[in-house]
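Given these sequences and hints, build the entire structure.
These are the residues of each chain, in order.
Protein chains: 2
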Amino acid sequence: MKHGGDILSYQHLYDGQIIDFSSNINPLGYPKILDTIIPEVLGSLTAYPDIHYRVLRTAISEYLGCQPDEVLVGNGSMEILEHFCREAQRIVVCIPCFIEYIERAQIYRKKVKKIRLPDGFRCSTALFGNELQRGDVVILGNPNNPTGLRIAEDELLELQQLAEEQQAFLLLDEAFFEFCVEDYDSVRLLHGKENICVIRAATKFFGLPGIRLGYAYATQAIAEQYAASALPWRINAIADAAGRAIFRETAYIECSKALIREQRHEMFSELQKIDSIKVFPTHTNFILIKLLYTTEDELFQQLLRHGLLIRKASSFEGVDRSYIRLAVKDQKSNRKLIETLNRCV
Amino acid sequence: MKHGGDILSYQHLYDGQIIDFSSNINPLGYPKILDTIIPEVLGSLTAYPDIHYRVLRTAISEYLGCQPDEVLVGNGSMEILEHFCREAQRIVVCIPCFIEYIERAQIYRKKVKKIRLPDGFRCSTALFGNELQRGDVVILGNPNNPTGLRIAEDELLELQQLAEEQQAFLLLDEAFFEFCVEDYDSVRLLHGKENICVIRAATKFFGLPGIRLGYAYATQAIAEQYAASALPWRINAIADAAGRAIFRETAYIECSKALIREQRHEMFSELQKIDSIKVFPTHTNFILIKLLYTTEDELFQQLLRHGLLIRKASSFEGVDRSYIRLAVKDQKSNRKLIETLNRCV
Numbered sequence: 001m002k003h004g005g006d007i008l009s010y011q012h013l014y015d016g017q018i019i020d021f022s023s024n025i026n027p028l029g030y031p032k033i034l035d036t037i038i039p040e041v042l043g044s045l046t047a048y049p050d051i052h053y054r055v056l057r058t059a060i061s062e063y064l065g066c067q068p069d070e071v072l073v074g075n076g077s078m079e080i081l082e083h084f085c086r087e088a089q090r091i092v093v094c095i096p097c098f099i100e101y102i103e104r105a106q107i108y109r110k111k112v113k114k115i116r117l118p119d120g121f122r123c124s125t126a127l128f129g130n131e132l133q134r135g136d137v138v139i140l141g142n143p144n145n146p147t148g149l150r151i152a153e154d155e156l157l158e159l160q161q162l163a164e165e166q167q168a169f170l171l172l173d174e175a176f177f178e179f180c181v182e183d184y185d186s187v188r189l190l191h192g193k194e195n196i197c198v199i200r201a202a203t204k205f206f207g208l209p210g211i212r213l214g215y216a217y218a219t220q221a222i223a224e225q226y227a228a229s230a231l232p233w234r235i236n237a238i239a240d241a242a243g244r245a246i247f248r249e250t251a252y253i254e255c256s257k258a259l260i261r262e263q264r265h266e267m268f269s270e271l272q273k274i275d276s277i278k279v280f281p282t283h284t285n286f287i288l289i290k291l292l293y294t295t296e297d298e299l300f301q302q303l304l305r306h307g308l309l310i311r312k313a314s315s316f317e318g319v320d321r322s323y324i325r326l327a328v329k330d331q332k333s334n335r336k337l338i339e340t341l342n343r344c345v
Numbered sequence: 001m002k003h004g005g006d007i008l009s010y011q012h013l014y015d016g017q018i019i020d021f022s023s024n025i026n027p028l029g030y031p032k033i034l035d036t037i038i039p040e041v042l043g044s045l046t047a048y049p050d051i052h053y054r055v056l057r058t059a060i061s062e063y064l065g066c067q068p069d070e071v072l073v074g075n076g077s078m079e080i081l082e083h084f085c086r087e088a089q090r091i092v093v094c095i096p097c098f099i100e101y102i103e104r105a106q107i108y109r110k111k112v113k114k115i116r117l118p119d120g121f122r123c124s125t126a127l128f129g130n131e132l133q134r135g136d137v138v139i140l141g142n143p144n145n146p147t148g149l150r151i152a153e154d155e156l157l158e159l160q161q162l163a164e165e166q167q168a169f170l171l172l173d174e175a176f177f178e179f180c181v182e183d184y185d186s187v188r189l190l191h192g193k194e195n196i197c198v199i200r201a202a203t204k205f206f207g208l209p210g211i212r213l214g215y216a217y218a219t220q221a222i223a224e225q226y227a228a229s230a231l232p233w234r235i236n237a238i239a240d241a242a243g244r245a246i247f248r249e250t251a252y253i254e255c256s257k258a259l260i261r262e263q264r265h266e267m268f269s270e271l272q273k274i275d276s277i278k279v280f281p282t283h284t285n286f287i288l289i290k291l292l293y294t295t296e297d298e299l300f301q302q303l304l305r306h307g308l309l310i311r312k313a314s315s316f317e318g319v320d321r322s323y324i325r326l327a328v329k330d331q332k333s334n335r336k337l338i339e340t341l342n343r344c345v
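Taken in order, these protein sequences are the chains called Z and S.
Under full-length UniProt numbering, the first sequence has 213 at position 213, and the numbering climbs by one with no breaks.
Under full-length UniProt numbering, the second sequence has 145 at position 145, and the numbering climbs by one with no breaks.
Do not take every clue at face value.
[Unchecked claim] Derived lysine to any residue pairs resembling SDA-like cross-links, with alpha carbons at most 20 Å apart:
| id | chain 1 | residue 1 | chain 2 | residue 2 |
| --- | --- | --- | --- | --- |
| 1 | S | K278 | S | D119 |
| 2 | S | K32 | Z | T46 |
| 3 | S | K111 | Z | A228 |
| 4 | Z | K110 | S | Q106 |
| 5 | S | K332 | Z | T46 |
| 6 | Z | K273 | Z | L292 |
| 7 | S | K111 | Z | A230 |
The hints are simulated quantities; they were obtained by calculation from the structure and are not laboratory data.
Keep in mind that this is a model prediction, so the values were computed, not measured.
Here is the structure:
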């Protein structure tokens, strides 16, 4: 199970609507304004999108609090990440992490230095010791996936500094940023630093995995290098139009944050009451769990029989077959999961 | 002027609707069924597209006359082309050609062997003489851009054979295939060959530059390698849905072919009557022209003042500032262009 969200492959095993806890998408769905906007922009399909995505990048810059020419846009966040893999001498990751960091590096035939996170999975500068080299691209999930943990603010500042000293580049994958407990904003914290890029996406928080819209903050020089080498017209006209609209949907944004905050709290508390699992603390909208008496496969099959799709976690390097990852969804779905889990584990 | 279709950059120079002869898109627009289908599939944006694009690839395979597992899909045809650039030892092109063949190769830091097409721009196996090496990827437009010429059937067969002998790979970019005079179908002609890939796209013929849907035929083994290294979910849900529908629009397809056939003939005849230009024969929906007494820049500015955007051709390596490329559009637009040209050159 390399990725979550693959309902199609499992639908034949359950006669009914599967609830997907394997991918961590905003349970509110996308901002409703898109139901109006998209049908209105179909005419734009007959022309190429603006090759510079000027309006889109301006909308994103206002949301991120930076300049339009500091914004990178990609066909999903992975297209942006791939650019840095191609340019890297070596990739450095902390495991467990999102599998694509390692896969993209391998596709570009880059060496991958894997640093194992300690018990509890906290990322710290100390882990990198003397490991960094010139030309390294350090890719860190912030929050990390599947652990759900943010890098502490002081650690991140130190890490950027260390990377700078070693002439390494720090690539933060913040695909789940808006779901997180409010701590700091990397774009503001690291603004102007020449060895960083902060990647985010419409995918998770804006409930739009189908639209493929990733974006990032970096210095203008980096943004220009990226644009010069990325595929032209890499974002389709519908995603372009959606991206111009969604970041202004303040009510939707606040409402989504509140929902996840509340549901994370409730779900975490309820999960902690289950003796046969160990629940890891999380800062975001998914929760890593260690199964004490069963395996991911067994539980996966059991839950699927109840129409619940979960994420087996062993495909994350550094995590064995006793781990699963659960999305935080709407209250009704979460309660069904907790109830079923209580009977299964 | 690296690409056509960039109306946005020139709109401020003309107060009115610019007619775009710089990009070669079906003047009929996209199949009208999309106006119904797209609003109906917006709900699919909340889920990841099928990571294997099973239904989409089946629809394409029926259109191409091959098996679903022989179909590659990409975020525009360039994403597919880029894959082969990454895997190549060296890229071989015939100039003039679409600039992205060379740019993509350079982004992947691959050597590019450029073979100059002879007067008249016909591509033949003889041009490659002893030039091919093991690991070469030969990228040829079929029809070529900006020349509009197809490779003759016997030459193509010979070329595939030569490439096979030299352990080289032949990548055909057939983005304009359906617009062409009916000669042969490369997918049928080269079916089963292990050193070829035939790339096409929804972009031009289906009037969908905004949707970003490229596809290709190759052997199952190549299709699997591609899928394993390409970005996951690289085609967005709207493009996926569109691709499932458009290839069955037989009436639209036939009507588009007839329109271009007729308009190419009329436009070519009318252009030939203009003494101050040399018109090159074409097999497709665009026409290369040599200006005998003016430059691309001068004519570009003149025509823009009349609301007509043309493609300056000097950015195609091997073509100087006396060349332009014109799209074949609807009769009314074409006639306006001819009339204006008659006054300008």
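| task | For the pair we were handed, K111 (chain S) and A228 (chain Z), check the Cα-Cα distance against 20 Å. | result | 19 Å, holds
| query | Can the restraint linking K110 (chain Z) and Q106 (chain S) be considered satisfied, given a maximum Cα separation of 20 Å? | reply | 18 Å, holds
| request: Below or equal to 20 Å on CA atoms is what counts here, so check K111 (chain S) against A230 (chain Z). | output: 19 Å, holds
| task | For the pair supplied as a hint, K332 (chain S) and T46 (chain Z), confirm whether the alpha-carbon distance does not exceed 20 Å. | result | 18 Å, holds
| said: Hint check: K273 (chain Z) vs L292 (chain Z), CA-CA at most 20 Å. Holds or violated? | reply: Roughly 14 Å separates the two Cα atoms, so the pair holds.
| message | So if I understand the rule, the pair passes when the alpha-carbon distance is 20 Å or less; does K278 (chain S) with D119 (chain S) pass? | response | 13 Å, holds
| said: Between the alpha carbons of K32 (chain S) and T46 (chain Z), is the straight-line distance 20 Å or under? | reply: With Cα atoms ~12 Å apart, K32 (chain S) and T46 (chain Z) stay inside 20 Å; holds.
Going down the numbered hints, you'll see the structure goes against none, and every one checks out.
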